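Participant: Going down the list, the protein sequences come from chains B and C. Numbering (the working numbering) for the first sequence: 1 to 246. Numbering (the working numbering) for the second sequence: 1 to 115.
There's no promise every hint is true.
Claimed, not checked - Each computed DSSO-like pair below joins lysine-lysine, with the alpha-carbon atoms no more than 27 Å apart:
hint, chain 1, residue 1, chain 2, residue 2
1, C, K43, C, K63
2, B, K187, B, K232
3, B, K127, B, K187
4, B, K127, C, K18
5, B, K74, C, K18
6, C, K63, B, K127
7, B, K232, B, K74
8, C, K43, C, K8
9, C, K63, C, K8
10, B, K74, C, K63
11, C, K18, C, K8
12, B, K192, B, K127
What the hints assert, rightly or not - Cβ pair distances, simulated, as ranges:
hint, chain 1, residue 1, chain 2, residue 2, range
13, B, T4, C, M14, 29 to 37 Å
14, C, F99, B, N30, 49 to 57 Å
15, B, R148, C, H22, 35 to 43 Å
16, C, M14, B, F169, 57 to 65 Å
17, B, T227, C, H22, 39 to 47 Å
18, B, T121, C, E87, 44 to 52 Å
19, C, H40, B, E21, 28 to 36 Å
20, B, P136, C, R104, 49 to 57 Å
21, B, L134, C, E85, 49 to 57 Å
22, B, M2, C, E85, 34 to 42 Å
23, B, M35, C, D77, 39 to 47 Å
24, B, E188, C, D77, 21 to 29 Å
Just so you know, the hints here were simulated from the structure itself, not pulled from any lab data. Every value quoted in this text rests on a predicted model; they were computed, and no experiment measured them. Note that beta-carbon positions come from the ideal geometry of N, C-alpha and C, so glycine has one too.
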Amino acid sequence: MMRTFRADLHIHSCLSPCGDEGMRPCAIVNQALAMGLDMIAICDHNSAENIAAFISTGHERGLTVLPGMEVTSKEEIHLLTLFDRQEDCMVLQDLIYQNLPGENVEEVFGCQQVVNGRDETIGINRKMLIGATLLPLEQILSVVGSLRGITIASHIDRQAFSLIGQLGFIPEGISLDGLEISIRTSKEEAQKRFHSYQHFSFVRFSDAHHLEDIGENITHFLIEETTSGEIKMALHHQEGRRVVEQ
Amino acid sequence: MTVFDIVKTFGLQMRTGKDRLHEEVTGGYASDLLSDVIAHSRKGNIWITIQTHPNIVAVATMKELSGIILTGEREPDANTIQKAEEEGVPILVSPLFTFELVGRLYQIGISGMSP
């Protein structure tokens, strides 16, 4: 049976250098439940090291947490990647780590904390997660595709680090699964501005860096269950699944 | 040559870092990809870019650049201004596009090569 699920699939944890200190598993899961969400995804910059803690906390409290990452391509384009299986997300993380130069400068970019399910810090990631990988856009899309994941171009309405901001247009024939519109742009404005890209599904997520951002910009999906596979079908209008316009 | 000399010569609009204009400019770097600036700019360089988001301040701080010039009359974002004031990074605005401004900077002796 299909029904509508409320999803915020772009949330940063305290592992992202720009993520607030308080973005930890229990706090985020509680806030998501309080906002009436059915599913979330944790998408830190170029790392998925906090995913396991979030998934188990979500599981205990009855909230689906999808594994994901916000990958920075060589062109400095932010791409949301989502998976059903943690193993697949970790394969992508391995590839990213092999192609992510530099060390984080904590005083400049912020602290990158690895946490457990009790919201305790158990480690610090030293990589420069805010930096760009050496991986071109096309390669990221094809690797994520081969891992049966989803790729959504982040906040295409923003100039900074977006597919359209960096390239000026969306290349033809690209195997993207959707386009994210940030909270800064209304639905009507987005439809006008990105009219020529209507063959893609538009989604809205919070890109939360602070607890109070969670659930402020969400997408309703008509799907059978809260999996990445179902979301992918909805993005491609398959077997009755779809994004529900609000 | 100092950042102030450049401001004066080209009549640049000052947006932030007014008390840091005495910094010596060691050369110039022009790029809009942050990863490229992180990899190749050198301490004391003046950086010419069209990017206006707060991460430019982080990069300038990390690389100890002498200042940032935004071209084509682009204005820094509000949170970029705030961060630049906190970090003491001069942000200047020029109506010229990058190619023209870089050419003129080169003419007054700002080089992209190591001194």
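Participant: Compare the structure with each hint and give your call.
Facilitator: Hint by hint, here is what the structure shows:
Only pairs whose Cα atoms come within 27 Å are accepted, and K43/C paired with K63/C is accepted, the gap being roughly 6 Å. Note on K187/B and K232/B: the hinted pairing holds, with a Cα-Cα distance of about 21 Å set against a maximum of 27 Å. Restraint check for K127/B and K187/B: not satisfied, since their Cα atoms lie roughly 36 Å apart, outside the 27 Å limit. Using a Cα cut-off of 27 Å, the hinted pair K127/B and K18/C is violated, with the two alpha carbons roughly 33 Å apart.
With a C-alpha separation of about 34 Å, the suggested pair K74/B and K18/C falls outside the 27 Å cut-off, and the hint is violated. Using a Cα cut-off of 27 Å, the hinted pair K63/C and K127/B holds, with the two alpha carbons roughly 17 Å apart. The suggested pairing of K232/B with K74/B holds, with an alpha-carbon distance near 25 Å, which does not exceed 27 Å. Restraint check: the Cα-Cα separation between K43/C and K8/C comes to about 22 Å, which is no more than 27 Å; the hinted pair holds.
Between K63/C and K8/C, the direct Cα distance comes to roughly 24 Å. Compliance with the 27 Å bound is thereby established for this hinted pair. Taken as a hint, the K74/B and K63/C pair is honoured in the structure, with Cα atoms around 20 Å apart against an allowance of 27 Å. Using a Cα cut-off of 27 Å, the hinted pair K18/C and K8/C holds, with the two alpha carbons roughly 13 Å apart. Simply put, K192/B and K127/B have alpha-carbon atoms about 39 Å apart, too far for the 27 Å limit, and the pair is violated.
A C-beta distance of roughly 52 Å is found between T4/B and M14/C, which places it outside the suggested range of 29 to 37 Å. The supplied range of 49 to 57 Å is met by F99/C and N30/B, whose beta-carbon atoms lie about 53 Å from each other. Between R148/B and H22/C, the C-beta spacing of about 57 Å breaks the proposed range 35 to 43 Å. Evaluation of the 57 to 65 Å hint for M14/C and F169/B yields a failure: the beta carbon distance comes to about 34 Å.
Here the CB-CB span from T227/B to H22/C is close to 59 Å, at odds with the stated 39 to 47 Å. The hint said 44 to 52 Å for the Cβ distance between T121/B and E87/C, and at roughly 26 Å that hint is violated. Checking the proposed 28 to 36 Å range against H40/C and E21/B shows it holds: the Cβ atoms sit about 33 Å from each other. Distance hint for P136/B and R104/C: a CB-CB separation of about 34 Å, inconsistent with the stated range 49 to 57 Å.
Distance hint check: the CB atoms of L134/B and E85/C are about 34 Å apart, inconsistent with the given range 49 to 57 Å. The hinted window of 34 to 42 Å between M2/B and E85/C is violated, with their beta carbons roughly 52 Å apart. Separated by about 27 Å at the C-beta atoms, M35/B and D77/C break the suggested range of 39 to 47 Å. Checking the proposed 21 to 29 Å range against E188/B and D77/C shows it holds: the Cβ atoms sit about 24 Å from each other.
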